[in-house]
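Trainee: Each chain, letter by letter, is given below.
2 protein chains.
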Amino acid sequence: MDKTYDVIGIGNAIVDVLVQADDDLIEHFGLTKGTMALVDEAQAEGLYAEVGPGLETSGGSAANTLAGVAQLGGRAGFIGRVRDDQLGRIFTHDIRSVGARFDTPAATEGPSTARCMILVTPDAQRTMCTYLGASVGLDPADLDLEMVAQAKVLYLEGYLWDNDEAKAAFIAAAEVARDNGGEVALSLSDAFCVERHRESFQELVDGHVDILFANEMEITTLYEANSFEEAADHVRGRCRLAALTRSELGSVVLNGAATHNVAPFQLGPLLDTTGAGDLYAAGFLHAYTQGQAIDACGKLGSLCAGQVVTQLGPRPRGSLKQLVAQHLG
Amino acid sequence: MDKTYDVIGIGNAIVDVLVQADDDLIEHFGLTKGTMALVDEAQAEGLYAEVGPGLETSGGSAANTLAGVAQLGGRAGFIGRVRDDQLGRIFTHDIRSVGARFDTPAATEGPSTARCMILVTPDAQRTMCTYLGASVGLDPADLDLEMVAQAKVLYLEGYLWDNDEAKAAFIAAAEVARDNGGEVALSLSDAFCVERHRESFQELVDGHVDILFANEMEITTLYEANSFEEAADHVRGRCRLAALTRSELGSVVLNGAATHNVAPFQLGPLLDTTGAGDLYAAGFLHAYTQGQAIDACGKLGSLCAGQVVTQLGPRPRGSLKQLVAQHLG
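Listed in order, the protein sequences are those of chains H and X. Residues 1 to 329, numbered by my numbering, are exactly what the first sequence covers, in order. Residues 1001 to 1329, numbered by my numbering, are exactly what the second sequence covers, in order.
Because the hints were derived from the structure by calculation, they are not lab data. Take these hints with a grain of salt, some might be off.
With a cut-off of at most 30 Å between alpha-carbon atoms, the simulated DSS-like pairs for lysine-lysine come out as follows [what the hints assert, rightly or not]:
| hint | chain 1 | residue 1 | chain 2 | residue 2 |
| --- | --- | --- | --- | --- |
| 1 | H | K3 | H | K321 |
| 2 | X | K1321 | H | K33 |
| 3 | X | K1033 | H | K321 |
| 4 | X | K1321 | X | K1003 |
The task is simple: from the sequences and hints, build the whole structure.
Mentor: Set out below in structure tokens:
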């Protein structure tokens, strides 16, 4: 079936505030390194007051992925909610400027655009505190189901499960995608997020998901497994493809009985892991929707993830197409 | 005389939007590489719509310098005007979070916080388009003259001369500083800015300035000189110290009949020259207000400028104190 879009994503529309931090600060705030904590506006302001200068950049897990797909030349669209404030305009500009479609109307009242404070420690790990703000205002009426029906792949971020209203909408969208011959991809997003919604995610993987993205911590949390191998055994066969990322060990893609091991790309010193999983999904899905073999999908995912960890922030600067030509051309 | 502050700066309170650009884009917009152009809000929006994703970070020439002085451990304060909007809150957070005092009340109506779109080309040069917004709302009543009287050095940015109301206020502030035994420093900011205000700057240098900061293009423009040497001959003796920066050639400090040649620091690949002059002034003034010799002032200026050009944006990330301990300790 001919489709207008390669990938359509639904997610929280977030502006990231990157700040440098040491381990003491992570401990002082009672955070767990490498994970995401939800905070309310007062907590967000309180944390912000205690950290150093920030660097603001568009973020949001699915939004990062869709921006990456667009940068690679894919036909991408994003659905998510900002407020009509300065950060909302920054988010809107950035995702449109790489060629992704983004038409969800901005909220004209209520909470401000979502912000995620990302504490980057010297080991390049990122620890996140998210104020969801306007992004939780996304409801079924905002979902452009015509756009969803026109997508080869509908991509959902697990973080959306923290929003009850949105959750029902995503499942409806997933059904629309599948009814129109599209596939559904899900990223598990974060181990704590999986912990909060384990049962719901397990059902989702069994019933609605064709392609699952998860890192080692997330997939072991989902199945309460004692090892990566045990978790991989659990998920195998429950969805068509499971792409499991393992940081410096690369990734493993499960495809029915077959297992594809994908090597990581090291393109420079590791600076900030923000966006690594999101860009892996971008590369994977771009190759996938271009009809490439699973090995090639994993390789492009690895390459994009390998680029984004050498810079600050989750949106690749510089040309991903050039990178592809250089390394996979 | 005992002073409460080492350096107090007055300048435009600006948030920078860093975007990557190629030379064609600079030409397409009719801009001159390495310089700053003033734009109105509609032009700013028009340009923004045509460029790629941005990275937002606090900027403003004098503000960058004062943030640098604070990061080095100096007692620093900044006077400038933001609007009470999201970018204004980012600016306020960032400068306070490094320990600089910033109390100018935010405007509650009128234009939004000033923004500067900085196009960074692959040669690491930056080309700027500034929408002055709320920052031109700075008027004499905003100048905390008690704070100015308590400064060893009052630092003014030349960009302020684009704002008629503010201009009179700065001259008044300069007189207060001197009447209280302080010194006045001026940065010429930009060659086009010098072109716009040549006569006024020449008078200012002759009558009010103790320490002048300028790069090669600015000082030759100020005296319509044919060479750096000719410009240096012109300025020598007109103010107590003239610190003239020459990019990869380092800097030259004129101190009466004496000439101090200062070598540059190369701390890594050149990534973005945004903030190089501002951080040179920060290092210089910090050493100066600690009573160090002129050679040491130039050296600290060079070191800070050398750091900031290895990163994106005009505010050093990471510890300047650590850098000093490592290279000058």
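Trainee: Mind listing which of the numbered hints don't hold for this structure, in increasing order?
Mentor: none
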